[in-house]
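Q: Chains A and B, in that order, give the protein sequences.
One point on numbering: in the numbering used here, the residue at position 257 of the first sequence is 632, and numbering is uninterrupted.
One point on numbering: in the numbering used here, the residue at position 57 of the second sequence is 756, and numbering is uninterrupted.
Please keep in mind that the hints were generated in silico from the structure rather than gathered at the bench.
Please read all numbers here as calculations on a predicted model, not as lab measurements.
Check each hint, because a few of them may be wrong.
To be verified - Away from chain A, derived, C-beta distances all over 12 Å, residues of chain B:
1) Ala793
2) Leu806
3) Glu845
Unchecked claim - Covered stretches of chain B, as calculated for chain A (at least 3 residues, CB under 8 Å):
4) 727 to 734
5) 749 to 763
6) 772 to 781
7) 811 to 825
For each residue, glycine too, the CB sits at the ideal point set by N, CA and C.
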Amino acid sequence: MRLIRWKAFIPLTLLLVLLVIGWIVFADTLVRRTVESFGTEIVGAKVELQRARVHLASGSVVLTGLQVTDPGAPMRNLVEAGEVVAAIAALPLLEKKLVIDSLALRGVRFGTPRTTSGAIPAQKSALTPALKRVTDWAAQIPLPSFSLEGLSGVVDISALSLDSLRSLTAARGIVTGADSSRQAWEAELRALDPRPQIDSAQALINRLKGVDVRQLGVQGMAEQVRTARATADNLKKSVDRVKALEGKVKGGVAELQARATTGLALARAQDYAYARGLVNLPSLDAPDISPALFGQMGLDRIKGLLYWISVAEEYLPPGLDPRRQTGPDRARAPGLTIEFPSQHAYPQFLLRFADADFSLGGENAAAGEYQAKVAGVTTQPALYGRPMQLVAQKTAGRVGPETVRVAAVLDHTRLPLKDSIGGYLSGLPLPTVTLAPLGARAALGRGVTSLSLVRVGEVLEARWYVKTAQPVWERMVGGTRGVVGDMLWGAVSKMKEIEVETQVRGTLAHPSLSVKSNVGTEIARALKQEVGAQVAKAEQLVRAKVDSVVDERVAEAKTRVDGVKTQVQAKIEEQRVELERVKAELEQKIKDLTPRLPGGIRLPGQD
Amino acid sequence: MLILKLIQQLIKTLNSDGTPGQVAFGMALGAALGLTPLMNLHNLLIVAFAMVLNVSMPGFFLGWALFIPLGFALDPAFDALGRALLLGTPALTAMWTAWYNTPVVPLSNFNNTVVLGSFVAWLASFIPLYFVLRWAVGRYRADVYERLKSTKVFRAIGASKVYNVYRLFRPE
């Protein structure tokens, strides 16, 4: 019996030939489906491709009819490209890696309408976590409300819920904290119990006072000094222990005091705001009015930018640790597919350089020639070693002196991540802003707008700025009427310039929002002039109501904290002073007993 | 019809095609296709081996068919084994990294936990599987077949007009 079946080589060769033919025939379809599937996963909405052509000989791939759905508007394309030509390095393909040396996009259009929805089921989008993260991030930023309803009625605060008052919760927390801390510290002090030691040392001091040095002799004297020194050492250890406890108690009391003062004051301010919200009493301060009017709008823009930063973080992670992702979609379990990046090897994906020239048609202000360049897009920035860069700008306009500039640098080569994105547009039409609380809307016309975001690790600084000198004001049907409504409409409708600056600063976990706008300032001025006294009186009533509920509890909390300070801290301090006094007295006695002899002779035990 | 065909193939394979060793070797090779995810480079190599080596091809296909359900059932275990090898054994990380960055090797999808886990499990069980199957085929031919061949059901299955394409690759 022969081991090798030689006649099988013919069908085997045929099988291999069939596989090669199959690859050639189906390569285009395979590439098209891969681009669609991978693109959809990245964008979080449908990415469709009309056709893909693979030219193995020249190492190029031509994609035709690329449509990328806008994840925020499924009936619109974020971008559409007539033709995409990619020059692909062949060698990395053998390592299942995609290195695109250059990419050229032609016939690019933005915001084109779609015939079918490009939405995908939420669970299929790999970016759902990123979207959720950004949405949660934005939701934690408090936006004040602004309403004029409270000015028209009687201030009725009967709906005030005690459970919603933060001062009460905070005060209860302080009382509980003070009680438990006092018990714990008293227990510790009892465990230390320096009193027997103090008494014993005092007895020793008294005994040493009556000692006759001549009667004791040198040996006896040395014995007495040794005993006294050992007692002094023990006293020192006790002093150190009591001091440690004293420091701990002082720190704890200081923390309780801070909670009882600053913490309660902050909680009370929040309670005032809550109570004011119940009666829809508007704030008359511009820093409160502007965020209420424009905060959401600015936050939405910054949120959009942060979403793409989040996406970049997901796909362009730093470091070279093995990375895991869910395996391929198949009948069998997908398992995990793990990447093992290595220094001096190709990254899993690298786009060295991409260039796009495109024009926007029409006669509007956005029409013109544009140019965009991208370099260093890679899934393993640590391997590539350089940040990803993007520059896009308008190179020629058809109408007016418009400027469009977008630039981004994403440095994920090492931690902390450093991202910087900025866009500046001038002369382009700005959106219409609806100011619901005023019952008005303003078509901003042409103006300047910029959006920027700088993030270093967890620290974030984002800014959205709009300025226009061509606002067209319109009063909405069913908007706020009455004396105050008319007065505010009169104030804003005369404004010939609108300027809004929204900033988000802080860490990703604790961002803070500030909005500055001349519209808010103008409204605050007009309100103060017209209804300032009325609002102040109503606010006084609201505050009085809150104070009447929380004052007693707050006072109790402060008393309890003071009690801890006087009872525990003072007791510990007293014990420490007593210990130090006895220790000092004993050390003095030791010195008295151990005078230096002539000629520098020392007694045993003398330092 | 499909089940009938499978039973007929089973009977003919176990009974007539080649020595028990050839059938067992073919089945042990075919087990790879059943146990590991099909569309992978190593399976292409295994098919090539099965064609070139003088083993029972019907045995190979039978092994494949028999081990498919087992492959599905053992996926969680393969996944766990793959994770242990790829992620839980730091001593192997250098080797995986080298393989991952070597041309052609990554095309095998060795870095997938189910692929690696099932492949290693198949490889480890190959020799024991071969001996167990060889013994089982021998016992079948000696005992079971002799008792079954006279039964009505057995004769009916044997007479059904199902194809004998497998004979193309009968062991020589």
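Q: Mind taking a look at whether chain A covers the segment 772 to 781 of chain B? Criterion is 3 or more residues with CB to CB distance under 8 Å.
A: That given contact holds, which follows from 5 residues of the segment 772 to 781 of chain B lying within Cβ reach (below 8 Å) of chain A.
Q: Quick check: the segment 749 to 763 of chain B, covered by chain A? Criterion 3+ residues, Cβ under 8 Å.
A: holds (count 4)
Q: Ala793(B) clear of chain A by more than 12 Å, beta carbon to beta carbon?
A: Since the minimum Cβ distance to chain A is about 9 Å, Ala793(B) lies within 12 Å and the statement is violated.
Q: When I compare C-beta atoms, does the segment 727 to 734 of chain B have three or more residues closer than 8 Å to chain A?
A: Violated, because only 0 residues of the segment 727 to 734 of chain B bring their Cβ atoms closer than 8 Å to Cβ atoms of chain A.
Q: Glu845(B): least C-beta distance to chain A exceeds 12 Å?
A: Its Cβ never comes within 12 Å of chain A, the nearest being 25 Å, so this holds.
Q: Does Leu806(B) sit more than 12 Å from chain A, CB to CB?
A: violated, 6 Å
Q: For the segment 811 to 825 of chain B, do three or more residues have a beta carbon lying closer than 8 Å to a beta carbon of chain A?
A: Holds, because 5 residues of the segment 811 to 825 of chain B bring their Cβ atoms closer than 8 Å to Cβ atoms of chain A.
Violation of the numbered hints given earlier is confined to hints 1, 2, 4; the remaining hints are satisfied by the structure.
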